[in-house]
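Protein chains: 4
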Amino acid sequence: MKETFIKELVKAELKNPIMIEGLPGLGLVGKIATRYLIKQLKAQKFAYLYSPHFPYFVLVSKKGSVRLLRGAFYFWKNEKGENDLILFTGDSQAQTIEGQYEISSRILDFAQHYNVKLVITIGGYRVETKDKPKVVAAATNQNLLDRALRAEAMISPMGSPIVGTAGLILGLAPFRKIDALCLLGETRGYLPDPKAAKSVLEVLLKILGVNVDLSGLDEEIAKADSMVARLQKIEERRALQAEEIRREEDKKITYIS
Amino acid sequence: MKETFIKELVKAELKNPIMIEGLPGLGLVGKIATRYLIKQLKAQKFAYLYSPHFPYFVLVSKKGSVRLLRGAFYFWKNEKGENDLILFTGDSQAQTIEGQYEISSRILDFAQHYNVKLVITIGGYRVETKDKPKVVAAATNQNLLDRALRAEAMISPMGSPIVGTAGLILGLAPFRKIDALCLLGETRGYLPDPKAAKSVLEVLLKILGVNVDLSGLDEEIAKADSMVARLQKIEERRALQAEEIRREEDKKITYIS
Amino acid sequence: MKETFIKELVKAELKNPIMIEGLPGLGLVGKIATRYLIKQLKAQKFAYLYSPHFPYFVLVSKKGSVRLLRGAFYFWKNEKGENDLILFTGDSQAQTIEGQYEISSRILDFAQHYNVKLVITIGGYRVETKDKPKVVAAATNQNLLDRALRAEAMISPMGSPIVGTAGLILGLAPFRKIDALCLLGETRGYLPDPKAAKSVLEVLLKILGVNVDLSGLDEEIAKADSMVARLQKIEERRALQAEEIRREEDKKITYIS
Amino acid sequence: MKETFIKELVKAELKNPIMIEGLPGLGLVGKIATRYLIKQLKAQKFAYLYSPHFPYFVLVSKKGSVRLLRGAFYFWKNEKGENDLILFTGDSQAQTIEGQYEISSRILDFAQHYNVKLVITIGGYRVETKDKPKVVAAATNQNLLDRALRAEAMISPMGSPIVGTAGLILGLAPFRKIDALCLLGETRGYLPDPKAAKSVLEVLLKILGVNVDLSGLDEEIAKADSMVARLQKIEERRALQAEEIRREEDKKITYIS
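Protein chains in written order, with this note's numbering: chain A, 566 to 822; chain B, 566 to 822; chain C, 566 to 822; chain D, 566 to 822.
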């Protein structure tokens, strides 16, 4: 394998498809959101993306079966609307600069192949807040951005760069005459963040005019919250102990002087 | 040299060959096991693999002769069984991500060229145990995995990834319609571990239905054990000295306060 | 995108054009100088350079629009003189060695395409001085260097190497029968340094025989100076506090002994 | 520039040429030795090697002229002997693994082009001795190695690997049916080591049956020796001061307890 390539499993007939992309990144926001959509919509897998720029290991299932790292494309036939969906997620981002550009280009090749006119990429946006995560939007054109703002996304106040595939797809899409929108959920980014993913999905579904029950994420959110709480307790205990040790040492020094 | 290539030394006529792969890795398990088999079976060298992704130095023999880092393919004609063997080992793994994918692909090119239907890769699996090393198996299909389990391998309880060529070959084999099985011997991984290699060979030989005397490894195992014991003594002495120094310093501090 | 490429926006008719190159580097001297020239001359953008060797993120404007990192070519029609100008600046340098050579080569392709006979590259030169920054020159031939010296540039006393695109263009230009001159403004290099950029522009404009009002840089210089002053105060306060802590500790030790 | 390439300056007519290679490496032994030979033999430059795998800067002369990093080929017509010489040295080694293999291959392309049957590479061999540096030899065949041993080289007692171009050329030469010998001068490797270079040249000249006055290196050796002496004094003074500080602190602690 010398280059990133896509292997089609079945041929899909799609009506004005919109592509959704969400690879692992900050807080796993893109991956959690995209996987949830795939599951809820019962989207059908129809192609894999393989790349020599992914890390050089293979995954082993609990049953002992093995597979390469990969990305996967799913489609969903929208019975009630104008746009079918192509959803893309995967195990990893590319590990080199040139690999990042190559994989983003290959995803857009596939979008073009299916005559996609709009790609929406999903990711995380690092902030230190504990409020309900806001959703930051950026786009290749103003109309598209306005659609996101009407769906309650906001513009990044700082204009910070978007790193990785979710960003590069927006940078490369105009060369293919494809519009692209990026939705980033605010996240502290340390741990998988289903709350940020839910925020992004709320905006995304409004934009798409698609109904998906998001309550299934609440269990994951509860788990993540309790994980955060546990880690905080550990952290606080550690800080207390460090504090005590410092005080003990201060006593000795005070004795001395 | 711009790409990995294979140089055939002689043409072999092989009957339903199975390929065994074992490059250096954790505890050198793959290399020790494969080299032992080659030696015991008096397998014949018939091809080299060279790559610009190996480290950029050459090896010097005790007699002052020089050679590139390389992999080597050996074959063994199985007089009593159905499957001849191709055995592959070498000096090093690839040093870059893309090189890892390239070398694994080239090995599979060679397997295809000889109409190999099954590749078995060997490596180490990191654990902190001192018990007799178990053998962890993973495979590209269930039948194959069952064969390994019947030969007393076990499934990885954690489903941890398999890094390097031993893993990537399993990931890439299905694209060539080749089955592949990976056998990993439990090892602490710091030092060459012939004990883990022996455990893997016991499982491998059962699977292959081939008889090889493994007692020749026992001398290496004894050497490795005494090396480990020596290192532990050094480690313990160091810990004791550090302890003493700490106690001396504690005395001073106690005096002070 | 597998390779660096240039996308022309409009076709320009240029008369004996000289190319000026200034990418971000030490003290951002090259970029500040080139951007200022572009603005003052109202030069017209006519081509972009894109590369998979730039960092793998995209820039987001305050309005939420997105673009790839890129370089940009501008031209200026010189009504009063013999030479039109092509000005090149951009967001970033290449991130890999091979990328650096590739981008510099691509810039020279474009120069050749427009029949450029002279390229002048701009950058920073690290020194620890606070005097008015001098301008160090290096060139592919003696005549060219003499022109720079008559314009009050000086030769580097140390003969230190020139790193990055500003250097490689000089190294590669002779293969295209293009002359090239490099002008480096002395800078401490930590912060954007418009003062160094102004020094370079004074020399450059003399060489080109072009008049551009440089007073517009003075405001930026004032800002940068006050930034430096502020950072110095912070630094001094930190040093004082550290000093005090040390003295406090010394007292204790003196008590003890 | 996408690949390493060689630019011929003049066409040489050479009689059974032997190629000598010496790039910068441990103690600069290879470069010092080869440059000295070139100077003493008044060898004539006839080709350059350029590569995008060299570092991405350019060199500036004291006069302000600029050039790419490069390698250079020289030839010497041997009036009294059977073999003319091609001598190769340069500014740098390749910066990446793949670049190392590419540059070594390109040097051998050039050797083949001139029908070279023997390449001798020169480098340093790290030891901590202060004795007269010995010369370690390794070769692609036994005859060649014997020639070196008769010229008072020795075989490496440890069989340690040879890193970089001096090694890879030996590894790659057999693919071209070229014999290759490597001569490594013992050096501590920290500083330019003309003494090691002289040792290598003594062996080399015996092998070649060529007379070159090596006394010109003695001045450089004297300079290097005094540099080493100076650095040692600095080092010793530092050690003394550190010792004193430790003793002062010990006193305080003794007081306390």
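Hints may be right or wrong, so weigh each one.
No distinction is drawn between identical chains; accordingly, a pair holds when it is met within one copy or between any pair of copies.
[Said to hold, decoys possible] When the alpha-carbon atoms are kept at most 25 Å apart in a straight line, the in silico SDA-like pairs for lysine to any residue are as follows:
(1) K695 with L796
(2) K567 with Q677
(3) K682 with L574
(4) K607 with Y679
(5) K572 with G664
(6) K682 with S791
(7) K788 with M723
(8) K682 with S630
(9) K627 with L805
(10) K742 with D778
(11) K572 with R741
(12) K642 with E573
(13) K607 with L796
Quick caveat, the hints were computed from the structure, so don't treat them as lab data.
Inset, instruction - Using 25 Å as the alpha carbon limit, work out where K572 and R741 are close: within a copy, between copies, both or neither. - result: both (21 Å within a copy, 13 Å between copies)
Inset, instruction - Check K682 against L574 for me: Cα-Cα at most 25 Å, and say if that holds within a copy, between copies, both or neither. - result: Both ways: K682 and L574 sit 22 Å apart in one copy and 23 Å across, limit 25 Å.
Legend entry - Up to 25 Å CA-CA - G664 versus K572, copy category: both (18 Å within a copy, 22 Å between copies)
Inset, instruction - If the cutoff is 25 Å on CA atoms, where do K788 and M723 land: within, between, both or neither? Let me know, please. - result: Classified as between: cross-chain Cα gap 21 Å, same-chain 31 Å, threshold 25 Å.
Inset, instruction - At 25 Å max between alpha carbons, let me know whether K607 reaches L796 within a copy, between copies, both or neither. - result: Classified as neither; 34 Å inside a copy, 57 Å across copies.
Inset, instruction - If the cutoff is 25 Å on CA atoms, where do K627 and L805 land: within, between, both or neither? Let me know, please. - result: neither (40 Å within a copy, 43 Å between copies)
Inset, instruction - Give the relationship of K642 and E573 under a CA distance limit of 25 Å: within one copy only, between copies only, both, or neither. - result: within (17 Å within a copy, 40 Å between copies)
Inset, instruction - At 25 Å max between alpha carbons, let me know whether K695 reaches L796 within a copy, between copies, both or neither. - result: within (15 Å within a copy, 32 Å between copies)
Inset, instruction - State whether the alpha carbon distance between K682 and S630 is at most 25 Å within one copy, between copies, both, or neither. - result: Only across copies: K682 and S630 sit 17 Å apart there, 37 Å inside one copy, limit 25 Å.
Legend entry - Homomeric proximity label, K682 with S791: Cα distance no greater than 25 Å: For K682 and S791, the Cα distance exceeds 25 Å both inside one copy (41 Å) and across copies (49 Å).
Legend entry - 25 Å Cα threshold - placement of D778 relative to K742: Answer is neither: 33 Å inside a copy and 41 Å across each miss the 25 Å cutoff.
Inset, instruction - Tell me, please, which holds for K607 and Y679 at an alpha-carbon limit of 25 Å: within, between, both or neither? - result: within (20 Å within a copy, 43 Å between copies)
Figure legend: structure checked against the earlier numbered hints; hints not met, in rising order: 6, 9, 10 and 13.
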